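> Protein chains in written order, with the working numbering: chain A, 114 to 409; chain B, 114 to 409; chain C, 114 to 409; chain D, 114 to 409.
One or more of the hints may lead you astray.
Said to hold, decoys possible - Straight-line Cα separation of at most 30 Å, DSSO-like style, residue types lysine-lysine; simulated pairs:
| no. | chain 1 | residue 1 | chain 2 | residue 2 |
| --- | --- | --- | --- | --- |
| 1 | A | Lys195 | A | Lys223 |
| 2 | B | Lys320 | A | Lys195 |
| 3 | D | Lys396 | C | Lys326 |
| 4 | A | Lys396 | B | Lys251 |
| 5 | D | Lys335 | D | Lys195 |
| 6 | D | Lys341 | D | Lys226 |
| 7 | C | Lys232 | D | Lys326 |
| 8 | B | Lys251 | A | Lys342 |
| 9 | A | Lys232 | B | Lys326 |
| 10 | B | Lys232 | A | Lys320 |
| 11 | B | Lys251 | B | Lys320 |
| 12 | A | Lys226 | B | Lys329 |
| 13 | B | Lys243 | A | Lys335 |
| 14 | B | Lys232 | B | Lys251 |
| 15 | D | Lys251 | C | Lys232 |
| 16 | C | Lys243 | D | Lys396 |
| 17 | B | Lys195 | A | Lys243 |
| 18 | D | Lys320 | C | Lys232 |
| 19 | A | Lys326 | B | Lys251 |
| 20 | C | Lys233 | D | Lys226 |
| 21 | A | Lys251 | B | Lys233 |
| 22 | B | Lys341 | A | Lys251 |
| 23 | C | Lys342 | D | Lys251 |
| 24 | A | Lys329 | B | Lys320 |
Unchecked claim - Covered by chain B, per the in silico footprint, the following chain D stretches (three or more residues, Cβ under 8 Å):
| no. | stretch |
| --- | --- |
| 25 | 136-146 |
| 26 | 193-201 |
Stated by the list, open to error - Distance ranges between label pairs, derived from CB positions:
| no. | chain 1 | residue 1 | chain 2 | residue 2 | range |
| --- | --- | --- | --- | --- | --- |
| 27 | B | Lys195 | A | Asn199 | 19 to 25 Å |
| 28 | B | Thr347 | A | Arg365 | 35 to 41 Å |
| 29 | C | Glu115 | B | Glu350 | 43 to 49 Å |
No wet-lab data here; the hints were simulated from the structure.
Computed from a predicted model, the values in this text were never measured in an experiment.
Just so you know, even glycine gets a beta-carbon here, dropped at the ideal spot from N, CA and C.
4 protein chains.
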Amino acid sequence: MEINGVEIEDTFAEGFPIKVARVTITAITEHWAMEAAREATGFGTSVIMCPAEAGIERILSVEETPDGRPGVDVLICNMGYKNLENSLLSRIGQCILTAPTTAAFNGMPKAEKQFAIGKKLEYFGDGYQKGAECDDRKLCALPIMSGEFLVEESFGAVDGIAGGNFYIQGENQTSALTAAEVAVDAIKRVQGTITPFPGGIVASGSKVGSRYKFLKASTNEKVCPTLKKEGVCTLPEEINAGYEIVINGVSREAIEEAMRVGIRAACTVPGVLRISAGNFDGKLGPHLFNLHEILG
Amino acid sequence: MEINGVEIEDTFAEGFPIKVARVTITAITEHWAMEAAREATGFGTSVIMCPAEAGIERILSVEETPDGRPGVDVLICNMGYKNLENSLLSRIGQCILTAPTTAAFNGMPKAEKQFAIGKKLEYFGDGYQKGAECDDRKLCALPIMSGEFLVEESFGAVDGIAGGNFYIQGENQTSALTAAEVAVDAIKRVQGTITPFPGGIVASGSKVGSRYKFLKASTNEKVCPTLKKEGVCTLPEEINAGYEIVINGVSREAIEEAMRVGIRAACTVPGVLRISAGNFDGKLGPHLFNLHEILG
Amino acid sequence: MEINGVEIEDTFAEGFPIKVARVTITAITEHWAMEAAREATGFGTSVIMCPAEAGIERILSVEETPDGRPGVDVLICNMGYKNLENSLLSRIGQCILTAPTTAAFNGMPKAEKQFAIGKKLEYFGDGYQKGAECDDRKLCALPIMSGEFLVEESFGAVDGIAGGNFYIQGENQTSALTAAEVAVDAIKRVQGTITPFPGGIVASGSKVGSRYKFLKASTNEKVCPTLKKEGVCTLPEEINAGYEIVINGVSREAIEEAMRVGIRAACTVPGVLRISAGNFDGKLGPHLFNLHEILG
Amino acid sequence: MEINGVEIEDTFAEGFPIKVARVTITAITEHWAMEAAREATGFGTSVIMCPAEAGIERILSVEETPDGRPGVDVLICNMGYKNLENSLLSRIGQCILTAPTTAAFNGMPKAEKQFAIGKKLEYFGDGYQKGAECDDRKLCALPIMSGEFLVEESFGAVDGIAGGNFYIQGENQTSALTAAEVAVDAIKRVQGTITPFPGGIVASGSKVGSRYKFLKASTNEKVCPTLKKEGVCTLPEEINAGYEIVINGVSREAIEEAMRVGIRAACTVPGVLRISAGNFDGKLGPHLFNLHEILG
Chain A
114 MEINGVEIED
124 TFAEGFPIKV
134 ARVTITAITE
144 HWAMEAAREA
154 TGFGTSVIMC
164 PAEAGIERIL
174 SVEETPDGRP
184 GVDVLICNMG
194 YKNLENSLLS
204 RIGQCILTAP
214 TTAAFNGMPK
224 AEKQFAIGKK
234 LEYFGDGYQK
244 GAECDDRKLC
254 ALPIMSGEFL
264 VEESFGAVDG
274 IAGGNFYIQG
284 ENQTSALTAA
294 EVAVDAIKRV
304 QGTITPFPGG
314 IVASGSKVGS
324 RYKFLKASTN
334 EKVCPTLKKE
344 GVCTLPEEIN
354 AGYEIVINGV
364 SREAIEEAMR
374 VGIRAACTVP
384 GVLRISAGNF
394 DGKLGPHLFN
404 LHEILG
Chain B
114 MEINGVEIED
124 TFAEGFPIKV
134 ARVTITAITE
144 HWAMEAAREA
154 TGFGTSVIMC
164 PAEAGIERIL
174 SVEETPDGRP
184 GVDVLICNMG
194 YKNLENSLLS
204 RIGQCILTAP
214 TTAAFNGMPK
224 AEKQFAIGKK
234 LEYFGDGYQK
244 GAECDDRKLC
254 ALPIMSGEFL
264 VEESFGAVDG
274 IAGGNFYIQG
284 ENQTSALTAA
294 EVAVDAIKRV
304 QGTITPFPGG
314 IVASGSKVGS
324 RYKFLKASTN
334 EKVCPTLKKE
344 GVCTLPEEIN
354 AGYEIVINGV
364 SREAIEEAMR
374 VGIRAACTVP
384 GVLRISAGNF
394 DGKLGPHLFN
404 LHEILG
Chain C
114 MEINGVEIED
124 TFAEGFPIKV
134 ARVTITAITE
144 HWAMEAAREA
154 TGFGTSVIMC
164 PAEAGIERIL
174 SVEETPDGRP
184 GVDVLICNMG
194 YKNLENSLLS
204 RIGQCILTAP
214 TTAAFNGMPK
224 AEKQFAIGKK
234 LEYFGDGYQK
244 GAECDDRKLC
254 ALPIMSGEFL
264 VEESFGAVDG
274 IAGGNFYIQG
284 ENQTSALTAA
294 EVAVDAIKRV
304 QGTITPFPGG
314 IVASGSKVGS
324 RYKFLKASTN
334 EKVCPTLKKE
344 GVCTLPEEIN
354 AGYEIVINGV
364 SREAIEEAMR
374 VGIRAACTVP
384 GVLRISAGNF
394 DGKLGPHLFN
404 LHEILG
Chain D
114 MEINGVEIED
124 TFAEGFPIKV
134 ARVTITAITE
144 HWAMEAAREA
154 TGFGTSVIMC
164 PAEAGIERIL
174 SVEETPDGRP
184 GVDVLICNMG
194 YKNLENSLLS
204 RIGQCILTAP
214 TTAAFNGMPK
224 AEKQFAIGKK
234 LEYFGDGYQK
244 GAECDDRKLC
254 ALPIMSGEFL
264 VEESFGAVDG
274 IAGGNFYIQG
284 ENQTSALTAA
294 EVAVDAIKRV
304 QGTITPFPGG
314 IVASGSKVGS
324 RYKFLKASTN
334 EKVCPTLKKE
344 GVCTLPEEIN
354 AGYEIVINGV
364 SREAIEEAMR
374 VGIRAACTVP
384 GVLRISAGNF
394 DGKLGPHLFN
404 LHEILG
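All chains, full assembly: derive it from the sequences and hints.
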């Protein structure tokens, strides 16, 4: 299979189940909503050593937010609901409450699973907190130096999928990297997904496990071009660099759509030679995404 | 005391000791160094509930970095060396190693305290890691999908100060916020300091302790303008909003310089009425910064 | 009439007819399409002394562009077709042809009026130019240092409207300016419109004519708050600053929608007191936009 | 000669004399100074068909500007003083006066040649303009909707040089483009210079003249890789794309420094194979910049 002359390998991505919450951040301007979103989703690439996987889902117009202000939706993901509750408490409490002019709304008000985040954060008001309402939502209003911080009482979460992925392999580093940037820009428009790694890109795609027992993940040597001489790397001669795009999403459909638009976008960049994907014999998880089926 | 017609209150900021490490991130372009830096310093506002306090110190020219590529210096801060070592391992391993085209260098090679970060991260190479050198520094080279990731064997840290601060109080929210933005932009030029909160600004300045025993910090009600009616807020009538700038630094001198340029910059914005600072009867820490002395 | 507590004055904006062309710029990444778009639309605020009025209409996804690459639509406006043709030639030739990796497509292929822009620019190829096709469009391919520049043979233009506008008046400069930023961000989502002034905002709203015969436009002294003492400024006491948003569009409907979302967005910002608009007894033009009707 | 394994061709750049003025733009924040600067320097790549060559020279700290606010220096260049005066009048009057919160200061107060720009623009005040002073400079104060616009009475200009240049040639488009970005970022730090093309980069480097008599410049076919088959392009087989960096500056020394740091920076990017430069047998101008001498 080829797109724009780029080979699409007959392979599949392997993902795993994760819990996903959405926080709608509003602020006086889009700029300040985005600053809060960046801080709240930072240090959030992989649950291997980060306290959560997190990213910016999309920018909201003033017509789309509960309070009619500019906004940004972020997704926060953890392996279990207990960890996810902790992530919501600490990331909203430390990165959104503290950010100028923000409010934090429940981005999944209809989800079955709901956490009483606002009801816990409100103690920061030290007795001066009050109830409030906006757009039929129950909020807590905390007095702060610049006015009041509004946070919804509950935040919902759903079963999602982490680790949707594809590899972009090119004739050199800059062609693969440029294509990765184009892919991430395209995926930004797909609701329900994030690309949690730095700038949306993984430079050091890993395999499950390692020769060192204390390591859960290690470099995927078969796709490391500097190991061609040793015969360890099995990449064809003309491929000299690759990047991985990892996608978390609220549903299988969202991830498939992100993979579809991301791969198509990557294939527009000169020097891209092949699209592949990462799978690990089921050691990572049960969610499989076949490239040819998704792009067919 | 007045600057540009703005009252400088006769008060002081109260800070506390913290351990500080510097990581020099280089990449193929300034853009990608910055993307890595943002991810690596995110979720890093306050050690109350964040795993570290972190921020971007400054952008480096190609002449200033060990490998001659564009770069960014970040500071990472924790209450003790053990926590700081963990922060370095996880933030370099998850946010810099994974970022496209980056390398990570020791930003404090002459510090007495050094952590063997590279020597631990190199196991990710799964046996294919090698030693390397650059600019007389000992590095580990890990094969990855896009080439090699270079990370220095050791990263140094020093005793620094957290919690340097000042308050910007204005006639309304937008004047105080604009002044806070101007102050943060000015402080970006002061080497040895970071402003770790979202966009460099704290909207919800806190006091030490709370009426709830389980809370270490709570809203500083005396400076919360919505509590004026209750008589709880002691701000003068004309002040209707405030923001706090919190500064961490590698030395007392660096924080003083940051406070000086930040306060002067804030006082250029129309609608700013007063500069104050946060102190807590010594409950927070021993480092005091008197506004009049610093600006005198 | 009030929105969110902000008075909407019972007045109207006065606009004038203008010719409008759309250029679709594509590039290897959204970043480079945007760089070309900024250069091509710069020095383009008012035809009083600029060679055109120009601005960025919207960012296009990879699915929306003729060549499947990231793109940006820009609008270029002049008082007559002759001037507009010159603007297209010089702005495409100097700012898009010269920009890295770009192509330039006709953004109004169905317009009755078409200019042979590509057919004139192709002489830059110095005999090495060729015909090409993409998405059923006729293109010229010019060999350049980095490959080929593709430009469509024809570019279309329509009768549009310039000078759609509203005033945002606030208690101080920062509140009015922040609201102007929010309004411009909201208008960015309205297809068929641009806000051609710097950052989308006019700081120095003018009236038609002047006491000096050589000047076509001069400051609108009635809304200049520093002239309150002289009795020249007729603003109420509590209004201390204002900004104007000027909107050009391809149709009356597009401008009305931009005014609607822009005004609503501006009214979410604390400190905004009144929305007004600029009109000049018909001296500027025949297109009138009544605020109450648009918002009703 | 080689830098980092990249061949530096034994050739030289050819530039030509131009008149250069500097405008110091200040604003309430760096963000708004930059917005004004972008608009004021847009549509300013080449005097062949642009009304000026213009660009952002550097960002100024609050300590460096006449009014103590954030600022940006821009350079505006024309072939003669008459055209330059027109450019200053129209670009300051239409792009800085109209931008929110800005002031415009003379960036070359000691130059022999001075234009009475402020004294002409002040008529926009329609009789309400006044004199003012700041930092020992004579200013005009014009009442506008958001307060007062301050503009210095005079703006100075000097004899400068345009067309300083070098070519970055790489194994493919993305490697050459990435290197061009790195070079431009490095040159941003060299005071006294600008790179006036889109994003600082020229994609369509030209030669002087054409087979068509009406064209002053046309594509430089010898360095166009798609013309290799015809034998017209003389590039070696392994070079498949190139970009040109064009530098204007206030002095020969400034341009040499920009070329030095720009070339060195470009040579850090993988896939860059050769640095060359554009010269035209003296048809363009008398200023020659030998690569080996500059880098020696």
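> None of the hints should be skipped; say for each whether it holds.
Checked hints:
no. : hint                            : result
1   : A/Lys195 x A/Lys223             : 19 Å, holds
2   : B/Lys320 x A/Lys195             : 29 Å, holds
3   : D/Lys396 x C/Lys326             : 45 Å, violated
4   : A/Lys396 x B/Lys251             : 35 Å, violated
5   : D/Lys335 x D/Lys195             : 36 Å, violated
6   : D/Lys341 x D/Lys226             : 49 Å, violated
7   : C/Lys232 x D/Lys326             : 16 Å, holds
8   : B/Lys251 x A/Lys342             : 24 Å, holds
9   : A/Lys232 x B/Lys326             : 16 Å, holds
10  : B/Lys232 x A/Lys320             : 20 Å, holds
11  : B/Lys251 x B/Lys320             : 44 Å, violated
12  : A/Lys226 x B/Lys329             : 29 Å, holds
13  : B/Lys243 x A/Lys335             : 17 Å, holds
14  : B/Lys232 x B/Lys251             : 10 Å, holds
15  : D/Lys251 x C/Lys232             : 51 Å, violated
16  : C/Lys243 x D/Lys396             : 28 Å, holds
17  : B/Lys195 x A/Lys243             : 40 Å, violated
18  : D/Lys320 x C/Lys232             : 20 Å, holds
19  : A/Lys326 x B/Lys251             : 26 Å, holds
20  : C/Lys233 x D/Lys226             : 39 Å, violated
21  : A/Lys251 x B/Lys233             : 48 Å, violated
22  : B/Lys341 x A/Lys251             : 25 Å, holds
23  : C/Lys342 x D/Lys251             : 24 Å, holds
24  : A/Lys329 x B/Lys320             : 41 Å, violated
25  : 136-146                         : holds (count 4)
26  : 193-201                         : violated (count 0)
27  : B/Lys195 x A/Asn199: 19 to 25 Å : 21 Å, holds
28  : B/Thr347 x A/Arg365: 35 to 41 Å : 56 Å, violated
29  : C/Glu115 x B/Glu350: 43 to 49 Å : 26 Å, violated
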